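Chains as they are written, first to last, in my numbering: chain B, 1 to 205; chain L, 1 to 175.
Don't read these hints as lab results, they were simulated from the structure.
Please note that a few of the clues may not be correct.
[To be verified] Partial chain L-side listing against chain B, Cβ under 7 Å, derived:
1. Arg16
2. Thr18
3. Ala19
[Stated by the list, open to error] FRET-style restraints, in silico, Cβ to Cβ:
4. Phe4(L) / Ser174(B): 12 to 22 Å
5. Lys181(B) / His24(L): 32 to 42 Å
6. Thr171(B) / Glu7(L): 16 to 26 Å
No experiment lies behind these values; they were computed from the predicted model shown.
Think of the CB as a built atom: it goes at the ideal place given N, C-alpha and C, for glycine as much as any other residue.
Take a look at the letters that make up each chain.
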Amino acid sequence: MSSNMGGLGMVLHENDPAVIEACRQGDHDAFALLFEANRDKVYSIALRFSGNEASAMDIAQEAFIKLLAHIKDFRSEARFDTWLYRLVVNTCLDHRRRRRNLLPILEDLVDSVRPSTETVLTDLLRDEAQGQVQEAVARLSPEHRMVVVLRYTEGLSYEEIAEILRCSRGTVASRLNRAHKILARRLVKFRNSGSQNSGGNRGRV
Amino acid sequence: MAAFELEQVLNKHLGRVTAPEGLHPPQPSTQVIQWPKPGYRFQPVLAGVAAAAAVVVLFALWLRPRPAELRSTDPAQIAAWLKSRSFDVPIRQTPPSSIRLSSAHIKGSVAEVDYSIAGRNVVLTVSPPSLEPPSTAYHIVRSHLVRGQLFTLSCAFPQDARTACLLCHAGPEVN
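If we strip away everything but chain B, and leave its shape as in the complex, we get (with noise of 0.2 Å):
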């Protein structure tokens, strides 16, 4: 993606420099710029974590809208994809809180009966095998799922991983493998289905 942004007067790639430091300056054009490179990402680990699309909308919205008002303090120093990461992270965790805190009762009896309540379009809408892993990592916790998500949703390094949470690279292994655990538990009908599904599910969502 690239874009001429006006007063520039230069080509432009999604998350280069040059656009974050437009985006500093508040050139909208580059804003729009950095969101369209953006979107599927923020709203992709959004949807992955929250489990469901009306919440992902309500963080991948509240995501860049801390990304506009706060894009002045990141540093160039720094990796603006790890600063992005990190700011969808705490937005995520942000959610789920304050959801935690308004409905705490509500949420776990969501939680409990969510199979139960899928309704006739969001099958249509969704695979059912897609549903179930769904369903399984929001059943993490929260420090777990993240771990998830960021592994396979983006396909981080442990090290990249270690870096957004900020804690060790122990610390997200060990997370991970206890992931793993709860997720094979939880998956065990899936068993032989990874590669014999994966032509008929690929490229679905």
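Since the structure of chain B is provided, determine the placement of chain L on it from the hints.
Just chain L now, kept in the frame of chain B:
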């Protein structure tokens, strides 16, 4: 489930998705409201004026006339309390036994001493001579100027006029 199988499943089902069209970039007007506002600048002169005004107001409040009261039956205590507030009232240390002090009040530049004679109320008012004698429902039995202060005696019953003077004066020579 083996680890590699699980990783395959997660890679396949947790991948990125396309954000819905409804997700729009925030408008610049959606900026988070911050305080102080971005255009805010600390102005030492204005802050100094505000602080000085606050000091003046507090000083004026401190100086304003405050009603004060002392409830006591002790003549010496009442006399000392009035003297500490610039009212020189020569209350006798041992007035006649029929006189019973109850309290003293100060309202601005006026002091009042409440007492009773055999249960009947009497008020001694001490005020600057520039003020009119106090208006009261009592009978004003005496009002005279002593050392720049106007002393006014008011009795509920006229027959107490003579005895009322004995709060400060000794003997029958009063009048």
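Hints the structure violates: just list their numbers, smallest first. Result: no hint breaks.
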